[in-house]
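Chain by chain, the residues:
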Amino acid sequence: MSSTTINRSPISKPKSLLAKISQVSLPWRITLGYLTIMLLLPVAALLAKASTEKPSDFWRIATTPVALSTYEITFVTALVAALINGVFGVLVAWVLVRYDFPFKRFIDAAIDLPFALPTAVAGLTLATVYSENGWIGSLLAPLGIKVAFTRLGVGMAMIFITLPFVVRTLQPVLQEMEKDIEEAAWSLGASHWQTFWRVILPPLVPALLTGVALGFARAVGEYGSVVIVASNIPFKDLIASVLIIQRLEQYDYSGATVIGTVLLAISLLILLVINLLQAWGKKYET
Amino acid sequence: MWKFGVDPIPNKMAGRALKRWISWCLTAVILSVAIAACNIVNGRDRVELTLVSFAVTRAAYEQIIPKFTQAWEQQHQQIVEIAQSYSGSGAQTRAVIDGLDADVVDLSLALDVKKIEKAGLIQPGWEKEAPNGAIAHQSVAALVTREGNPKNIKTWEDLTRDGVKLITANPKTSGGARWNFLALWGSITQTGGNEDKALEFTTQVFKNAPVLPRDARESSDVFFNQEQGDVLINYENEVILAGLRGEKLPYTVPEVNISIQNPIAVVDKNVDKHRNREVAEAFVQFLFTPEAQREFAKVGFRPVDPTVAKEVTAQYPPIKTLFTAKDLGGWDKIQKQFFADEAIFDRIQSAIGKS
Amino acid sequence: MKPKTATEEKVWVKLVLIGGAIAYLALVLFLPALNVFLQAFKFGLGAFFHHLTEPAFLSAARLTVIIALIVVPINTVFGLCAAWVIARNQFPGRTLLISILDIPFAVSPVVTGLMIVLLYGLNGWFGRFLEAVNIKIVFALPAMIFASAFITMPFIAREVIPVLEEAGTDQEEAAKTLGATDWQIFWSVTLPTIRWGLLYGLILTNARVMGEFGAVSVVSGNIIGKTQTLPLFVEDAYKAYESQAAFSASVVLAGLALVTLVLKEIVERKTQIKDVE
Chain L
1 MSSTTINRSP ISKPKSLLAK ISQVSLPWRI TLGYLTIMLL LPVAALLAKA
51 STEKPSDFWR IATTPVALST YEITFVTALV AALINGVFGV LVAWVLVRYD
101 FPFKRFIDAA IDLPFALPTA VAGLTLATVY SENGWIGSLL APLGIKVAFT
151 RLGVGMAMIF ITLPFVVRTL QPVLQEMEKD IEEAAWSLGA SHWQTFWRVI
201 LPPLVPALLT GVALGFARAV GEYGSVVIVA SNIPFKDLIA SVLIIQRLEQ
251 YDYSGATVIG TVLLAISLLI LLVINLLQAW GKKYET
Chain C
1 MWKFGVDPIP NKMAGRALKR WISWCLTAVI LSVAIAACNI VNGRDRVELT
51 LVSFAVTRAA YEQIIPKFTQ AWEQQHQQIV EIAQSYSGSG AQTRAVIDGL
101 DADVVDLSLA LDVKKIEKAG LIQPGWEKEA PNGAIAHQSV AALVTREGNP
151 KNIKTWEDLT RDGVKLITAN PKTSGGARWN FLALWGSITQ TGGNEDKALE
201 FTTQVFKNAP VLPRDARESS DVFFNQEQGD VLINYENEVI LAGLRGEKLP
251 YTVPEVNISI QNPIAVVDKN VDKHRNREVA EAFVQFLFTP EAQREFAKVG
301 FRPVDPTVAK EVTAQYPPIK TLFTAKDLGG WDKIQKQFFA DEAIFDRIQS
351 AIGKS
Chain E
1 MKPKTATEEK VWVKLVLIGG AIAYLALVLF LPALNVFLQA FKFGLGAFFH
51 HLTEPAFLSA ARLTVIIALI VVPINTVFGL CAAWVIARNQ FPGRTLLISI
101 LDIPFAVSPV VTGLMIVLLY GLNGWFGRFL EAVNIKIVFA LPAMIFASAF
151 ITMPFIAREV IPVLEEAGTD QEEAAKTLGA TDWQIFWSVT LPTIRWGLLY
201 GLILTNARVM GEFGAVSVVS GNIIGKTQTL PLFVEDAYKA YESQAAFSAS
251 VVLAGLALVT LVLKEIVERK TQIKDVE
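Residue numbers (the working numbering), protein chains in the order written: chain L, 1 to 286; chain C, 1 to 355; chain E, 1 to 277.
Hints in this document: simulated from the structure, not taken from any laboratory. Accuracy of the hints is not assured; some may be wrong.
Claimed, not checked - Derived DMTMM-like pairs (lysine to aspartate or glutamate); straight-line CA-CA distance at most 25 angstroms:
1. E/Lys14 <-> L/Asp108
2. C/Lys118 <-> E/Asp170
3. C/Lys165 <-> C/Glu129
4. L/Lys54 <-> C/Glu342
5. C/Lys326 <-> C/Asp346
6. E/Lys42 <-> L/Glu132
7. C/Lys118 <-> L/Asp108
8. C/Lys207 <-> C/Asp268
9. C/Lys118 <-> L/Glu132
10. C/Lys118 <-> L/Glu53
11. L/Lys236 <-> C/Glu255
With the hints as constraints, model all of the structure from the sequences given.
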């Protein structure tokens with residue numbers, strides 16, 4: 001199985017350079033090849049389909065009042081959901097990695113449930129638990145807070161499905177992190193708060209940002225669960241993915257692709273900004 | 001050092017590994033294609049048929065299909081296997097146009113069959129290929145209320161009252177909900193009212209709809225399990241079926257009502273490809289036999305066969321003014337006038353959403 | 001003296017933190033999930049197992065496992081390569097490449113399905129060709145694999161990259177100067193370093209592949225016994241007013257998707273033994 005080794009390279013003189021390239025090329029090729037076939041080709045098909053619309057038509061379909069309202073609802077709600085999970089994700093990951101307590105393994109395992117449950121089931125169970133006579137919804141109802149079938153419900157579904165992202169991206173980094181440094185900080189008299197802000201948080205930031213970005217992107221695209229907890233009324237809690245499916249089910253491919261393209265472009269832009277921020281942060285750090 | 005994407009000296013070893021990897025992937029794909037492909041082998045003693053239908057027919061077909069396969073086996077000494085797919089009418093239509101191997105389609109709206117026809121998969125004139133204009137089962141719209149009907153809802157008119165909360169599926173995604181919408185609209189225009197009045201009426205009704213679930217099934221769930229709303233508009237057959245499954249609630253069938261007619265058609269291009277036209281057509285014909293019609297009636301559809309209809313007439317409340325999609329101008333006009341982008345339904349929704 | 005107060009304070013903080021985390025998880029996760037389990041076992045174990053012997057359920061479970069068995073290894077190989085390329089190289093367009101890799105997250109699963117239909121559907125780019133050579137991709141297993149692979153493409157790379165970056169290259173370079181081959185370096189230096197990231201990536205990939213609904217539903221055709229995966233079966237059962245069958249299948253699906261956790265447990269035990277040695 002060692003046929004990928006570089007030792008048998010026929011040219012011997014510029015070996016170090018060659019070694020570097022040959023070592024580089026296989027992962028590079030797999031990465032680029034796979035990306036092209038599996039990812040860029042389908043995206044190209046989408047863009048090609050969207051570009052069959054005249055620019056004026058494209059603009060018209062993309063900026064109907066209904067479409068505009070779905071963008072706002074989708075992105076703002078997803079952002080809030082991702083940020084909430086960012087805060088609580090740090091807490092949960094920290095607790096799971098650093099402390100021992102009963103049922104820890106069980107709780108750790110359960111973090112992945114939002115992925116494992118079909119999104120439709122997630123929506124169903126959230127709608128049940130948070131509806132006015134559900135377990136949690138009935139406690140909130142006297143306070144005048146309605147969750148199911150409102151925008152809050154959309155946010156709840158997004159929090160639910162993106163929960164694993166932050167926790168799971170932070171866990172490995174926390175696991176690798178040396179405990180000594182914190183302990184050193186403590187023994188030097190730093191408060192918990194100081195230790196957290198100055199010592200623990202900075203190395204976590206890249207992973208945290210990644211987690212939040214992944215969660216955000218996933219929340220933007222979520223369909224299965226939101227369609228059930230939301231009332232799907234435009235301008236109130238209709239999200240973009242549901243609008244796309246509505247178009248698709250009417251065999252309105254151009255409508256679906258145009259909104260799909262806009263959605264893709266905005267989320268990609270946001271991800272790009274986050275990734276740039278991260279790259280910049282790293283440069284700044286060193 | 002070296003730059004992105006530049007690989008001046010090809011490395012044989014890496015290349016070989018890559019090739020191996022690719023060929024492995026290809027094998028996986030080819031294998032899976034082969035698994036998928038062996039589905040479509042129709043021989044002399046075994047024939048396969050794919051039925052693609054909208055969701056609510058499922059309970060009926062579960063009973064009808066064994067009856068048909070048994071009858072066919074006796075007559076032709078050939079085993080028929082009928083693969084089934086149930087989903088929303090719109091979703092199924094899209095799938096068939098994009099290449100789902102349906103031999104027979106049973107859809108909520110004639111409009112959907114027409115879309116498949118337009119895509120060249122069904123030959124024009126399918127309405128005449130089967131009895132009764134290719135309508136094998138029909139239903140009407142019903143109003144389900146809470147136990148004891150506390151808000152005293154009996155007619156379409158009652159839905160506009162203040163404080164009445166109504167659950168109906170979203171006409172944008174649900175074929176059934178389009179029928180509901182047309183029933184509301186027609187209850188005005190078919191009894192002498194003009195379109196302005198109908199628009200005002202339907203806007204008023206949808207103002208009372210706090211939730212628009214994706215399809216009939218989800219609207220039932222919102223109404224029954226999450227106990228939202230005072231009244232649910234649904235297919236009569238869906239209500240009867242829910243009653244059979246234990247969700248018994250009082251319901252009324254308004255006397256001015258729409259005849260919900262669900263069309264059935266053989267997908268010509270696919271049956272020619274699969275060489276199973278004979279059995280596909282026999283299956284469609286079988287649906288019109290009293291035997292099959294009784295099964296449709298058992299799960300709540302109104303049968304189209306006159307003798308069976310007479311047998312079960314007590315099961316269904318009578319309708320005084322029954323109108324059809326044709327009375328509203330036919331499906332092409334209906335789509336354009338009500339459900340297209342920026343058409344009446346969109347206008348109603350933005351009027352409500354913004355207020 | 002000082003260490004003592006620190007530990008005392010730590011206990012107090014620890015309890016608050018654990019309490020907060022569990023309260024949050026309970027609200028967001030446990031109560032909704034508990035509801036699913038309760039629904040599944042509402043009519044007892046007998047009814048639960050009865051639903052699991054239906055042929056439609058069995059074939060859906062088989063299909064889901066097949067798809068996971070194909071997609072997870074492919075995406076693991078890709079994910080490791082991509083992570084290595086991105087974490088170990090500086091090149092112009094690196095941030096762009098990371099963002100491209102994130103596309104599957106940015107694309108709504110529904111749109112993913114749409115893309116595959118636009119490519120391989122009857123009216124798609126390759127539709128004519130595929131029809132001519134009689135290969136079915138859409139509404140058959142291949143399209144479901146493509147859709148699942150697309151959606152889970154970034155997970156492993158995304159999990160491994162931060163760990164690789166955090167770990168640095170010193171050890172790898174040390175191994176290289178000692179004359180280790182690439183494979184040796186990978187197996188004995190890189191892999192142990194990234195094992196947690198890789199594992200979490202695997203867990204996420206596997207769970208997501210098995211649970212995916214939106215994209216698969218667009219490309220599967222939902223033919224019972226043939227192209228119906230477990231999530232589609234769940235949806236279908238629910239639509240047919242068989243909520244209990246739906247919830248039972250969800251419980252099984254959740255169990256299947258968490259198979260990787262067992263793997264994690266095993267690796268954890270093994271590495272612990274190693275550490276002791």
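Right, here's what the structure says about each hint:
no.	hint	in the structure
1	E/Lys14 <-> L/Asp108	holds (17 angstroms)
2	C/Lys118 <-> E/Asp170	violated (65 angstroms)
3	C/Lys165 <-> C/Glu129	violated (43 angstroms)
4	L/Lys54 <-> C/Glu342	holds (19 angstroms)
5	C/Lys326 <-> C/Asp346	holds (22 angstroms)
6	E/Lys42 <-> L/Glu132	holds (22 angstroms)
7	C/Lys118 <-> L/Asp108	violated (53 angstroms)
8	C/Lys207 <-> C/Asp268	violated (43 angstroms)
9	C/Lys118 <-> L/Glu132	violated (46 angstroms)
10	C/Lys118 <-> L/Glu53	holds (21 angstroms)
11	L/Lys236 <-> C/Glu255	violated (34 angstroms)
Hints 2, 3, 7, 8, 9, 11 from the earlier list are contradicted by this structure; the remaining hints agree with it.
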